[in-house]
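Here's the letter readout for the chains.
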Amino acid sequence: MKRFVTATFLMIGLFSAFAAYAHHAAAGIDRSKTVTIEGTVKQFKWGNPHSWLDLEVANQKGSVDVWSLEMTSPAFLVPLGWKATTLKAGDKVKAVVQPFKNGDPGGLFISVTLPDGKVMGQRGGAPAAPATPPPASTK
Amino acid sequence: MRIGMRLAAAITVMNVLAATDLSAQFQPAGSLGALAPANLAKPRPKPPFDLTGTWLHGGGANNGFRFSPPEGFKLTPEAQKHYDAAQKAQAEGKVYRDDIGQCWPAGLPVIMTRVWPIAMIQLPTAIYMVSEFMNSFRVVYMDGRPHTDPDIAVPSFNGESIGRWEGDTLVIDTKYFVPDHHWIDSGIPGSDALHIVERMKLTNQGQTLEIEYTLTDPKSWVGDWKMTKRWRRVDDRDIAEVSCLPDLNQHMPTTQSKDNVR
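Top to bottom, those sequences are chains V and C. Going by our numbering, the first sequence opens with residue 1, and the numbers climb by one from there. Going by our numbering, the second sequence opens with residue 1001, and the numbers climb by one from there.
Bound conformation, chain C alone:
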């Protein structure tokens, strides 16, 4: 009898857990999700532009896919160890901690310039971005919610993005990143203190998306790093399913090579 009651209690607890909302973006009780019709229907100013479309990074001068640090950059001692190790690996013809090659997510900001197109869908309450590269998912909340309480925020590779309109510019503030396996450039780690501000504009009659990045990470480097990247609309493209699967790397000689410095 006693065992039966314990079993019943355990099942009850399991049912409660199973019914719990497992959303990773916590909102106060009673708030509306970004896709709730009542949230979408709330009156809001008309946005200055619509990002909905497929975008591909590249083209033009000073628009490389790397987020290279600025001249005179200064790393923290901890980050400098990684950077020095990457320099050493490169001098030896090796590759330092190519975590993307081991199927770790690229993470923001690198995922934005991965040379695979990004599908963006803009709604009044949120902008959804899916990179074809590993189908990396990103959502920018536009419904006025604040960042999640840091005590419960779940770190991720793309972070938590909150956007707002400033005149003709979309300003996106992103934080809550994972503390490791996340690189800004070779040997330059992004930490859980990484903070990214993107200022987005459409130019060239809406055919070019320009993003000015400001990267700060007091655990990895000193000061703000600013850089500007550009994407073009690719209206003839759709994105497909792209996954890093266990059998992929078995057939990729380069990811199996001993010249990878783990």
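Excised from the complex, chain V in its bound form:
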């Protein structure tokens, strides 16, 4: 499976406006860019406080990486049309992700293109708004 990465720089501050349906801070993520990955769904977890999507993605070494993509809670996903059955193991999908700064596989979920071409995003909670927030003097 081909993995390709397109970096898209987003407006800084876009995600800071999201509500914080989160249980933790966003350590290690490069929130200034997105990458697009193609892979096979290993697991789609529908649950609280976060849903997650594990994708098996071919790497350049000829093996497979598992990308864990962190999502918001169903309370935010259902209004956008998500269901517990929207994704299932074995589905071939394309996902847009805010990746790790250090290049490790994984990141924050932005959107996914389903096998039928439909794009499903999320809003109202980049899943990693600060739970233990940054120091007060820099708010």
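In short, the hints are calculated from the structure, not lab data. Treat the hints with care, as some may be off.
Stated by the list, open to error - Label-pair ranges, simulated between beta-carbon atoms:
| hint | chain 1 | residue 1 | chain 2 | residue 2 | range |
| --- | --- | --- | --- | --- | --- |
| 1 | C | Pro1070 | V | Gly121 | 34 to 40 angstroms |
| 2 | C | Asp1238 | V | Lys118 | 26 to 32 angstroms |
| 3 | V | Glu38 | C | Lys1088 | 56 to 62 angstroms |
| 4 | C | Asp1084 | V | Ala84 | 28 to 34 angstroms |
| 5 | C | Gly1058 | V | Leu80 | 19 to 25 angstroms |
| 6 | V | Pro79 | C | Asn1135 | 47 to 53 angstroms |
| 7 | V | Lys83 | C | Gly1060 | 31 to 37 angstroms |
| 8 | C | Ser1243 | V | Pro79 | 21 to 27 angstroms |
| 9 | C | Glu1212 | V | Leu80 | 32 to 38 angstroms |
To be verified - Which chain V residues face chain C? A few, computed with CB under 10 angstroms, are given here:
| hint | residue |
| --- | --- |
| 10 | Lys33 |
| 11 | Trp46 |
| 12 | His50 |
| 13 | Asp54 |
| 14 | Ala58 |
| 15 | Ser68 |
| 16 | Leu69 |
| 17 | Pro99 |
| 18 | Phe100 |
| 19 | Gly103 |
| 20 | Gly107 |
| 21 | Leu108 |
What the hints assert, rightly or not - Straight-line distance between alpha carbons at most 30 angstroms, and here's what the computed DSS-like set of lysine-lysine pairs gives:
| hint | chain 1 | residue 1 | chain 2 | residue 2 |
| --- | --- | --- | --- | --- |
| 22 | C | Lys1081 | V | Lys101 |
| 23 | C | Lys1258 | V | Lys101 |
| 24 | V | Lys101 | C | Lys1175 |
| 25 | V | Lys94 | C | Lys1042 |
| 26 | V | Lys94 | V | Lys33 |
| 27 | V | Lys45 | C | Lys1258 |
| 28 | C | Lys1258 | V | Lys94 |
| 29 | C | Lys1175 | V | Lys33 |
| 30 | C | Lys1258 | V | Lys61 |
| 31 | C | Lys1081 | V | Lys33 |
| 32 | C | Lys1088 | V | Lys33 |
| 33 | C | Lys1219 | C | Lys1175 |
| 34 | C | Lys1088 | V | Lys45 |
| 35 | C | Lys1088 | V | Lys42 |
| 36 | V | Lys101 | C | Lys1094 |
| 37 | V | Lys88 | V | Lys42 |
From a predicted model like this one, the values you see are computed outputs, not experimental measurements. Yeah, the Cβ is synthetic: ideal placement off N, Cα and C, and Gly gets one too.
Assemble the complex: chain V is given as a structure, and chain C must be docked to it using the hints.
What follows is chain C alone, placed relative to chain V:
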């Protein structure tokens, strides 16, 4: 024979222990629990308002979810070390001691503004609060009991809350907090000396809950910190089971990141 008697004695002790009341909120022998019908039925003045409902923090100006310290705040030397470390971590693009991300309870006051709704049930003797966020449980005793004797009080993340009515205001006094893994804001620890007073009012025809906070913690900062937060009724919401489970963090890249400063 001797072994048999020892065994019998041990079993007796175990049975006694098993039968012991394991309640964490100690009351003098013979006192009534908050849910005892005889306690609920005692005559009391009609409360000025009823918090029963589902409440969600947020909205309006000066109502952020953080309990940021006031201008000119002064930390104790011990707390300042944490604060400086948090500043350093942030400058390096890292996150300092995000204990909530490691499934430690948020604790009071942070749990009140976690952007998840809170279900509140008000009875004559107590007000029960359950945040959807990790289903954090809090009870405010209203039946006139005092705080537990400090020699036996069990520290917790939400502390022990005792409430009383002052005119149209509900005043809640909370203390007995855990000494660590409990943060007021990034790099600002709450200690076992933390003391929180909340003055609660309903405004906007009962649709808005306003709480004025006074936070004191002589082990962490100097003086009183005051701030006011607001919640709105969300009558179309119920809370669900939300737990921080071992497999959650395995799939949360951010809580696994090496950019977390532990």
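Under the constraints set out in the numbered hints, which ones does this structure not fulfil? 3, 4, 6, 10, 11, 14, 19, 24, 25, 29, 31, 34, 35
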